[in-house]
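Engineer: Sequence:
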Amino acid sequence: MTTATGRPIVVGVDGATYTRSALDWALEEAVREGCGIMLVHGRQVPVQGPHIEPLMEASDAVAQRVLHAAKQRIHGVSPGTQVTTATGIGSPAMLLVDASEDAWLVVVGARGRGTVASAFLGSTSIDVAARAHCPAIVVRELPATSSAPSGVVVGSDGSDRSAAAVGEAFREADSRGAPLTVVHTWSIELADTGMTMIESDEARERIAESESRLAHQAVAAWAEKYPDVPVRTLVLNAHPVEALADASRDAELVVVGSRGRGGFRGLLLGSVSQGVLHHAHCPVMVVRPEEGT
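Going letter by letter, the sequence shown gives residues 1 to 293 in the numbering used here.
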């Protein structure tokens, strides 16, 4: 599980509205935790060609404007927050992943919510969430709600992957003085048809009881470590993405686990993590297990 000691929050900025939302989220977290912020701006320009020199000069100027504006935005709210900056030629996602090696959290923005998920979320957000060396937070532009969000939500299935997410969710809830909702789902329906695989009511009850025990076991040790965090455990016969998206409506953060790091981002994140990233109603934190677990 991560701690903020001596490590900054890395946030990607490019001047777009949705990256300003990510910056604002990162600043709130940095102020709460008393850590610094590292601003990262990636520039993708041609590596050769007749106009490469003026393009590089223009790119440098844009990068400096973006980083300066972001730094001013931070110091306008929290003059005491330490800010460092980094820029480079190349994929913004890879620059952020590299910076995440020495970070506590890495934060990226995304364009919004929609049915064509990849078009709205963007490849940078997915790549960073899949490959970061620390927990990654994806913050989208979200419509204002009538009530202030409250509490942290985490998905749990009893695996090592979700254990890391549950631990990070407890830490976030404790830091915020907020309640935690643990969502554990199970299903006996075939995903493609909705047809049940078990007809017996008695067998259903046994499965439900077993899942309930698993859910509470996953929480028990963390609840002892964070006794001041109010915990509600939901054990639902439902699809995990739908259940977590629904629980996120009134939440300030949803935490999910990922499979690790490697080559194919879709396989790394898993369908549940990707689904929650696309459909949650609040920022999403993606946590991967520690190396070797």
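Keep in mind that a hint or two might mislead.
[Stated by the list, open to error] If you anchor each label on the Cβ, the simulated ranges turn out as follows:
id, residue 1, residue 2, range
1, S212, H75, 47 to 53 Å
2, E205, Y226, 29 to 35 Å
3, R206, D228, 44 to 50 Å
4, Q217, I89, 18 to 24 Å
5, E28, A69, 39 to 45 Å
In short, the hints are calculated from the structure, not lab data. Glycine is no exception: its CB is placed at the ideal position from the N, C-alpha and C atoms.
Engineer: For every hint, state whether the structure bears it out.
Structural biologist: Results for each hint:
1. S212 with H75: 47 to 53 Å: Given range 47 to 53 Å: holds, Cβ gap about 49 Å.
2. E205 with Y226: 29 to 35 Å: holds, 32 Å
3. R206 with D228: 44 to 50 Å: About 35 Å separates the Cβ atoms of R206 and D228, which means 44 to 50 Å is violated.
4. Q217 with I89: 18 to 24 Å: Once the Cβ atoms are compared, 49 Å apart, the range 18 to 24 Å for I89 and Q217 is violated.
5. E28 with A69: 39 to 45 Å: violated, 18 Å
Checked against the numbered hints listed earlier, the structure breaks hints 3, 4 and 5; every other hint is satisfied.
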